[in-house]
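There are 2 protein chains.
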Amino acid sequence: MAPALKLYGWAMSPFVARAMLCLEESGVEYELVPMSREAGDHRVPDFLSKNPFGQVPVLEDGDLTLFESRAIARHVARKYKPELLSGDGSPAAAAAVDVWMEVEAQQHSGAAGAIVFQCILADLIGAGRDQAAVDENAAKLGKVLDVYEARLSGTRYLAGGAGVSLADLSHFPIMRYFMDTEYAAMVEERPHVKAWWEELKGGPAAIKVAGFMPRDFGLGKKKAEE
Amino acid sequence: MAPALKLYGWAMSPFVARAMLCLEESGVEYELVPMSREAGDHRVPDFLSKNPFGQVPVLEDGDLTLFESRAIARHVARKYKPELLSGDGSPAAAAAVDVWMEVEAQQHSGAAGAIVFQCILADLIGAGRDQAAVDENAAKLGKVLDVYEARLSGTRYLAGGAGVSLADLSHFPIMRYFMDTEYAAMVEERPHVKAWWEELKGGPAAIKVAGFMPRDFGLGKKKAEE
Chain A
10 MAPALKLYGW
20 AMSPFVARAM
30 LCLEESGVEY
40 ELVPMSREAG
50 DHRVPDFLSK
60 NPFGQVPVLE
70 DGDLTLFESR
80 AIARHVARKY
90 KPELLSGDGS
100 PAAAAAVDVW
110 MEVEAQQHSG
120 AAGAIVFQCI
130 LADLIGAGRD
140 QAAVDENAAK
150 LGKVLDVYEA
160 RLSGTRYLAG
170 GAGVSLADLS
180 HFPIMRYFMD
190 TEYAAMVEER
200 PHVKAWWEEL
210 KGGPAAIKVA
220 GFMPRDFGLG
230 KKKAEE
Chain B
10 MAPALKLYGW
20 AMSPFVARAM
30 LCLEESGVEY
40 ELVPMSREAG
50 DHRVPDFLSK
60 NPFGQVPVLE
70 DGDLTLFESR
80 AIARHVARKY
90 KPELLSGDGS
100 PAAAAAVDVW
110 MEVEAQQHSG
120 AAGAIVFQCI
130 LADLIGAGRD
140 QAAVDENAAK
150 LGKVLDVYEA
160 RLSGTRYLAG
170 GAGVSLADLS
180 HFPIMRYFMD
190 TEYAAMVEER
200 PHVKAWWEEL
210 KGGPAAIKVA
220 GFMPRDFGLG
230 KKKAEE
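So the protein sequences, as listed, match chains A and B.
Just add 9 to wherever you are in the first sequence, counting from 1, and you've got this note's numbering.
Just add 9 to wherever you are in the second sequence, counting from 1, and you've got this note's numbering.
Treat the hints as calculated values from the structure; they're not laboratory data.
None of these values were measured; they are calculated from a predicted model.
It cannot be assumed that every hint is accurate.
The list treats identical chains as one, so a pair stands whether inside a single copy or across any two.
[What the hints assert, rightly or not] Taking lysine-lysine pairs in the DSS-like style, the calculated list, with each CA pair at most 30 Å apart, reads: (1) Lys15 to Lys149; (2) Lys203 to Lys59; (3) Lys88 to Lys217; (4) Lys88 to Lys15; (5) Lys15 to Lys152.
Hey, can you work out the whole structure from these sequences and the hints?
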């Protein structure tokens with residue numbers, strides 16, 4: 010029987026990878042329905058009827074159709090592995106996951122994502138690197154990682170608690186690419202952030218998802234074929 | 010007895026207003042602890058011990074100290090008015106709130122917030138308006154509001170369901186300022202978005218919070234005093 014869950018998108022997208030990692034970590038069976046960005050699969054009416062914003066990923070879980078990677082991750086965790094969202098089940102644990110998920114979304118991912126874009130993608134798509142944008146975002150990210158270093162010197166995981174949470178997992182996709190830039194030293198030189206990242210990337214779910222995320226976003230291969 | 014909940018910040022900040030609106034909507038007693046941005050109250054060690062990122066708002070709920078406005082709103086709703094987060098309690102209802110909260114955060118607030126900044130704040134702080142940035146964000150927001158118009162033609166609230174949810178409420182603070190710009194027509198000309206906004210701003214909680222949010226962010230008064 011086909012799995013009840015279908016994830017639509019290209020897995021090298023950090024947004025698709027976020028949803029995939031949560032599905033893998035939850036141990037639920039799902040089917041990854043491949044799509045092509047180049048072919049414009051995200052702009053056809055059938056896909057727009059699933060997500061009117063025309064973005065990946067989309068998750069179908071039975072009758073339910075969801076979009077936005079962090080919302081998908083929350084749904085999967087709530088239904089299939091609630092401790093990712095609420096730790097020991099106390100209000101304090103759930104609130105801590107929410108706080109650090111928001112920190113990821115509002116403080117971390119913008120700065121780290123901009124560095125990934127400039128240092129990896131801009132070259133691949135022939136846009137050229139905007140070093141001023143890199144510098145500005147490296148300065149921002151440095152301050153964010155200083156807070157993480159202080160936090161992680163007292164707790165093994167961002168939200169505290171005894172196990173990994175969605176707040177940690179949500180960082181994985183952008184971090185995976187970020188660590189392939191020359192700014193990876195920003196993580197290496199902060200021992201608690203480094204230990205946290207080593208654990209995060211070392212889990213079987215992360216290793217599996219990373220296998221779908223080539224450093225060159227698949228663009229290098231295409232370049233070679235041109 | 011003093012309320013167990015304390016909200017720190019300046020209420021004209023859309024982020025503080027988001028937390029306040031959720032507190033008001035939940036009917037829980039709280040104390041608004043005023044702070045001054047000009048005096049740098051958010052940079053003193055006592056405040057940084059509450060939020061290491063030095064941003065408002067912070068919520069103290071008994072022993073719990075929380076930051077990031079959407080995380081605060083989730084905690085308040087979960088503890089004091091769960092239907093704001095989970096509607097009728099079904100997995101589908103909770104997932105829909107998550108999806109449309111993420112849409113607010115990822116699609117709506119960046120574009121609408123940039124227009125507010127350029128059309129109101131840039132003038133007040135003497136930076137001058139960047140019309141290219143306004144145009145770019147108005148184009149983005151137009152597409153987002155087209156999706157909202159289609160969505161709201163089928164459901165009264167963004168997440169569906171019988172009542173307002175955190176997904177609707179979370180839009181209020183930026184929308185309140187946005188509707189004071191000349192781009193308010195983008196809402197007025199979309200009948201379902203307009204009806205949704207009229208209902209959202211017309212509630213007693215929204216009216217109370219809006220009272221703390223002068224169009225000039227309090228800067229006009231200061232200008233007049235100079």
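Practice problem: Please work out whether the CA atoms of Lys88 and Lys15 approach to 30 Å or closer within one copy, between two copies, in both situations, or in neither? | Solution: within (15 Å within a copy, 33 Å between copies)
Quiz item: Can you tell me if Lys15 and Lys152 fall within 30 Å by alpha carbon in one copy, between copies, both or neither?
Solution: Result: close only across copies, 27 Å inter versus 38 Å intra.
Self-check item: Lys203 and Lys59: within-copy, between-copy, both or neither at 30 Å Cα
Solution: Between copies, since 25 Å is at most 30 Å while 38 Å is not.
Quiz prompt | Lys88 and Lys217: within-copy, between-copy, both or neither at 30 Å Cα | solution = Answer is within: at 22 Å inside a copy they meet the 30 Å cutoff, but 37 Å across does not.
Practice problem: At 30 Å max between alpha carbons, let me know whether Lys15 reaches Lys149 within a copy, between copies, both or neither. | Solution: between (37 Å within a copy, 29 Å between copies)
Every hint, counting from the list given before, is met by this structure.
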